[in-house]
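Please work from the sequences and hints to get the whole structure.
There are 2 protein chains.
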Amino acid sequence: MTTIKDIGEQGLLAKLQSFCPAEIIGDDAAVLVTAPGKSLVVTTDVLVDGVHFSDATTSPEDAGWRAAAANLSDLAAMGACPLGITVGLGLPGDLKVSWVERLYQGMTECLQKYNTPIVGGDVVRSPTTTISITAFGQVDPQRIIRRAAAKVGDAIVVTGVHGASHAGLQLLLHPQLGQNLTTEQKNTFIKAHQRPQPRLDVLPILWDIVNHTPSTVAGMDSSDGLADAVLQICRVSGVGAVLESHQIPFPTTLEHWLKPEQAIEYALYGGEDFELVLCLPQEQAKTLVKQLSQGAAIIGNITSGSKVLLHDEQQKIPDQVLSLSQGFQHFGQ
Amino acid sequence: MTTIKDIGEQGLLAKLQSFCPAEIIGDDAAVLVTAPGKSLVVTTDVLVDGVHFSDATTSPEDAGWRAAAANLSDLAAMGACPLGITVGLGLPGDLKVSWVERLYQGMTECLQKYNTPIVGGDVVRSPTTTISITAFGQVDPQRIIRRAAAKVGDAIVVTGVHGASHAGLQLLLHPQLGQNLTTEQKNTFIKAHQRPQPRLDVLPILWDIVNHTPSTVAGMDSSDGLADAVLQICRVSGVGAVLESHQIPFPTTLEHWLKPEQAIEYALYGGEDFELVLCLPQEQAKTLVKQLSQGAAIIGNITSGSKVLLHDEQQKIPDQVLSLSQGFQHFGQ
Numbered sequence: 001m002t003t004i005k006d007i008g009e010q011g012l013l014a015k016l017q018s019f020c021p022a023e024i025i026g027d028d029a030a031v032l033v034t035a036p037g038k039s040l041v042v043t044t045d046v047l048v049d050g051v052h053f054s055d056a057t058t059s060p061e062d063a064g065w066r067a068a069a070a071n072l073s074d075l076a077a078m079g080a081c082p083l084g085i086t087v088g089l090g091l092p093g094d095l096k097v098s099w100v101e102r103l104y105q106g107m108t109e110c111l112q113k114y115n116t117p118i119v120g121g122d123v124v125r126s127p128t129t130t131i132s133i134t135a136f137g138q139v140d141p142q143r144i145i146r147r148a149a150a151k152v153g154d155a156i157v158v159t160g161v162h163g164a165s166h167a168g169l170q171l172l173l174h175p176q177l178g179q180n181l182t183t184e185q186k187n188t189f190i191k192a193h194q195r196p197q198p199r200l201d202v203l204p205i206l207w208d209i210v211n212h213t214p215s216t217v218a219g220m221d222s223s224d225g226l227a228d229a230v231l232q233i234c235r236v237s238g239v240g241a242v243l244e245s246h247q248i249p250f251p252t253t254l255e256h257w258l259k260p261e262q263a264i265e266y267a268l269y270g271g272e273d274f275e276l277v278l279c280l281p282q283e284q285a286k287t288l289v290k291q292l293s294q295g296a297a298i299i300g301n302i303t304s305g306s307k308v309l310l311h312d313e314q315q316k317i318p319d320q321v322l323s324l325s326q327g328f329q330h331f332g333q
Numbered sequence: 001m002t003t004i005k006d007i008g009e010q011g012l013l014a015k016l017q018s019f020c021p022a023e024i025i026g027d028d029a030a031v032l033v034t035a036p037g038k039s040l041v042v043t044t045d046v047l048v049d050g051v052h053f054s055d056a057t058t059s060p061e062d063a064g065w066r067a068a069a070a071n072l073s074d075l076a077a078m079g080a081c082p083l084g085i086t087v088g089l090g091l092p093g094d095l096k097v098s099w100v101e102r103l104y105q106g107m108t109e110c111l112q113k114y115n116t117p118i119v120g121g122d123v124v125r126s127p128t129t130t131i132s133i134t135a136f137g138q139v140d141p142q143r144i145i146r147r148a149a150a151k152v153g154d155a156i157v158v159t160g161v162h163g164a165s166h167a168g169l170q171l172l173l174h175p176q177l178g179q180n181l182t183t184e185q186k187n188t189f190i191k192a193h194q195r196p197q198p199r200l201d202v203l204p205i206l207w208d209i210v211n212h213t214p215s216t217v218a219g220m221d222s223s224d225g226l227a228d229a230v231l232q233i234c235r236v237s238g239v240g241a242v243l244e245s246h247q248i249p250f251p252t253t254l255e256h257w258l259k260p261e262q263a264i265e266y267a268l269y270g271g272e273d274f275e276l277v278l279c280l281p282q283e284q285a286k287t288l289v290k291q292l293s294q295g296a297a298i299i300g301n302i303t304s305g306s307k308v309l310l311h312d313e314q315q316k317i318p319d320q321v322l323s324l325s326q327g328f329q330h331f332g333q
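Sequences listed follow chains X and F, in order. The first sequence begins at 1 in this note's numbering and counts up one residue at a time. The second sequence begins at 1 in this note's numbering and counts up one residue at a time.
For the record, the hints were derived by calculation from the structure and aren't laboratory data. The model shown is predicted, which means the values in this text are computed figures rather than measured ones. Please note that a few of the clues may not be correct.
[Said to hold, decoys possible] Derived pair list, reagent style DSS-like, types lysine-lysine, alpha-carbon separation capped at 25 angstroms:
| no. | chain 1 | residue 1 | chain 2 | residue 2 |
| --- | --- | --- | --- | --- |
| 1 | X | Lys-186 | X | Lys-259 |
| 2 | X | Lys-96 | F | Lys-5 |
| 3 | X | Lys-113 | F | Lys-15 |
| 4 | F | Lys-96 | X | Lys-15 |
| 5 | F | Lys-15 | F | Lys-5 |
| 6 | X | Lys-5 | F | Lys-96 |
Structure representation (structure tokens):
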């Protein structure tokens with residue numbers, strides 16, 4: 001008798017994908033053509049108490065903000081503008097009503113910033129507090145950002161610093177850490193974890209730059225880690241990459257606290273920074289980085305082959321081949 | 001400290017609705033305008049192990065079918081044609097992989113019948129098996145079926161018999177029941193419970209009939225019971241109704257087993273028959289009932305006032321005023 005633990009999340013997803021149309025698998029969200037020139041983009045997240053959020057590290061407001069932000073980020077990663085979200089809740093009968101109201105407060109604070117309404121939902125009884133969000137957005141079919149569209153020679157752009165969210169989580173879990181940091185520096189990391197910003201603001205800037213050459217942008221968000229994003233893009237695009245470790249932007253204050261190789265590890269594997277990782281022609285990439293706010297950078301290039309190599313110009317860290325197995329696995333031992 | 005049990009599902013929903021735009025509350029699904037002449041219809045259901053399905057009464061295939069059918073029925077209730085669904089799963093690590101595959105098998109069997117793809121989803125670890133489905137459909141804005149559109153003088157049409165699903169559930173829970181029924185009769189009830197048919201087939205017939213007078217149809221589905229549907233429609237339309245109990249169609253074999261007043265109770269309050277309850281002008285209602293398959297009937301009329309009266313022409317049952325509090329409450333004592 002095979003259990004889910006035996007085959008892991010990836011194994012289970014592989015089995016379930018046989019039930020879905022092949023053309024809609026493998027991006028941050030599904031795309032459905034609804035009218036000429038209009039595509040509907042749909043994405044779903046399920047969040048479970050004790051697995052994805054916990055009263056120990058996350059207030060209900062922050063759990064709500066993060067849930068909304070994660071879904072809006074998936075839309076941004078597809079190039080889509082949000083239309084609305086639905087919220088399905090499974091709630092124990094003895095949960096405080098104020099907890100649910102505070103969850104919604106956090107969700108709507110994030111959603112209002114991006115003019116996105118909650119358009120529906122369901123509330124049911126469950127022994128386990130569960131939040132299921134489905135977000136949908138709209139995109140011009142020519143402007144869909146797909147993971148599989150990276151081309152040899154493309155520059156790899158990140159829209160902001162990485163590692164801050166993981167640093168904030170570590171500070172929440174282990175308050176004794178970060179002795180060299182000021183309270184303000186600590187709070188900046190914690191806020192990066194509790195109130196991530198989906199990068200929908202990048203889209204109009206991006207479209208201005210690539211206006212006359214549509215369908216040239218590949219990408220996804222870095223919610224599961226920067227390394228994971230680059231590896232996923234390369235795998236489905238059938239390409240490799242070289243990342244220059246000294247170009248990977250992390251908050252400078254991380255260096256007050258961590259060794260350089262640790263800071264890079266936070267940036268590559270920490271996850272939940274909700275930036276965009278975009279692959280596009282070099283000149284457009286340079287223009288984009290210039291126009292985005294602080295932290296955006298070209299971190300490497302798409303190469304032929306299939307390996308993703310992390311290269312350190314200063315040889316502080318030995319060159320290494322990155323692999324998906326170093327990434328986050330939902331169903332661990 | 002107020003808990004969810006204290007205020008019940010309706011109390012909690014009332015609080016949460018303050019976070020949603022007012023115009024999209026109160027139907028089977030939310031409606032969003034996406035392009036001229038096109039509206040997107042969205043509906044979400046969360047199903048929890050032990051609350052909405054259980055291995056004792058429901059195979060994983062049937063749980064999957066029922067989950068898909070319930071969401072397609074919500075689209076049908078809005079007049080919308082399905083575009084796709086997303087499936088979010090919360091699963092314990094020790095759940096059998098075959099259980100999940102069988103769930104998907106049942107879901108896709110139902111979906112394929114209505115040409116609806118699974119377009120995405122999420123799989124996460126959870127102590128409680130949870131299925132969260134969001135379904136999307138499209139509708140011409142002039143053809144949206146809303147609960148609030150019932151008008152005095154409208155006929156109330158049901159698209160099929162009621163009570164069969166509840167009878168099937170009772171037979172599954174208490175196999176000693178229904179001694180007067182043949183095995184085939186029992187299986188027909190059980191199948192009505194396990195494999196309900198969303199009435200998307202009604203829509204093209206309905207639009208043919210009301211073609212030249214759009215926006216004249218009010219309605220919803222009877223998933224929470226026929227009485228609940230009529231009461232909800234009347235409440236939000238600001239009207240009353242008279243239902244003729246001898247016109248309410250229930251399976252004739254129910255009478256081999258139950259007293260007439262029990263059979264009516266099953267039909268009114270049993271729920272999960274997933275028929276449509278439609279309010280439309282008398283002549284159109286008559287044509288619709290004629291064109292639909294066996295079981296469709298005009299069961300009463302919309303009246304002024306606010307009371308929903310159940311009237312028995314033969315006076316076998318005394319006249320009674322129906323109320324929502326007799327309906328199903330998710331968070332009970």
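Results for each hint:
no.: 1; hint: X/Lys-186 with X/Lys-259; verdict: holds (17 angstroms)
no.: 2; hint: X/Lys-96 with F/Lys-5; verdict: holds (9 angstroms)
no.: 3; hint: X/Lys-113 with F/Lys-15; verdict: holds (22 angstroms)
no.: 4; hint: F/Lys-96 with X/Lys-15; verdict: holds (13 angstroms)
no.: 5; hint: F/Lys-15 with F/Lys-5; verdict: holds (14 angstroms)
no.: 6; hint: X/Lys-5 with F/Lys-96; verdict: holds (9 angstroms)
When the structure is compared with the earlier hints, no violation turns up for any of them.
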